[in-house]
Amino acid sequence: AQTVTQSQPEMSVQEAETVTLSCTYDTSESNYYLFWYKQPPSRQMILVIRQEAYKQQNATENRFSVNFQKAAKSFSLKISDSQLGDTAMYFCAWAMFFSTPFSGGYNKLIFGAGTRLAVHP
Amino acid sequence: GAVVSQHPSWVICKSGTSVKIECRSLDFQATTMFWYRQFPKQSLMLMATSNEGSKATYEQGVEKDKFLINHASLTLSTLTVTSAHPEDSSFYICSASLGNRGTQYFGPGTRLLVL
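Heads up: the sequence lines are chains V and U, in that order.
Under this note's numbering, the first residue of the first sequence is numbered 1, with each subsequent residue one higher.
Under this note's numbering, the first residue of the second sequence is numbered 1, with each subsequent residue one higher.
A few of these clues could be false.
To be verified - DEER-style ranges, computed between Cβ atoms:
{"id": "1", "chain 1": "U", "residue 1": "20", "chain 2": "V", "residue 2": "71", "range": "45 to 51 Å"}
{"id": "2", "chain 1": "U", "residue 1": "108", "chain 2": "V", "residue 2": "62", "range": "18 to 24 Å"}
{"id": "3", "chain 1": "V", "residue 1": "47", "chain 2": "U", "residue 2": "66", "range": "25 to 31 Å"}
Think of the hints as simulated: they come from the structure by calculation, not from any bench.
Just so it is clear, CB atoms sit at the ideal spot from N, CA and C, and this is done for glycine as well.
Next up, chain V with everything else stripped away, as it sits in the complex (with noise of 0.2 Å):
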């Protein structure tokens, strides 16, 4: 079965520094996508950064990076001198799949159980 572990349920981090949530998955598809979504207390679900399975190098975007290592099945989000609007649950995902006849198919989000992560002054 396919499976998303954030291995760390809260972070912290001092504002400036720099702070890597974990992440890895199980499955046996070679080609997939790998996501970093981030909830603030607003609840609004807002894309961090993708990754695609067959890209060797790491995505970027701006002060977000990962530490994508396929083989181990880890997926690390790294997050550079850190705001305080960073301050949100951060959550993996991995997307499976799906064909199907009519549209062409989808992308299923297999999310992990989140990381909390609050930015201090």
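For this one, chain V is given, so just place chain U on it according to the hints.
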């Protein structure tokens, strides 16, 4: 770009009534829309997947007669909680996917409280 709206943002209703929640993709046509439920301090639980013009695919354990999903167009999906009971109180989130292997973009969620 890739904005998804949900309406209403919160709703309070009496037990036994039905509640409809709308999910719209505002600036793109979504091939697939998804409905999730989230309990406090927990992760998102997928309820169903819907494609425009076809029946929704429900996850195991989700009652299709309880949670009716209609995907009328490429920009609109609705979730109707029929004969709502207090245990249906939750936070419901929709998402829309652009393209077959596209990223899911989420709506702001709907808080439902059934009295």
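Results of checking the hints against the structure:
| no. | hint | in the structure |
| --- | --- | --- |
| 1 | 20(U) / 71(V): 45 to 51 Å | 47 Å, holds |
| 2 | 108(U) / 62(V): 18 to 24 Å | 23 Å, holds |
| 3 | 47(V) / 66(U): 25 to 31 Å | 30 Å, holds |
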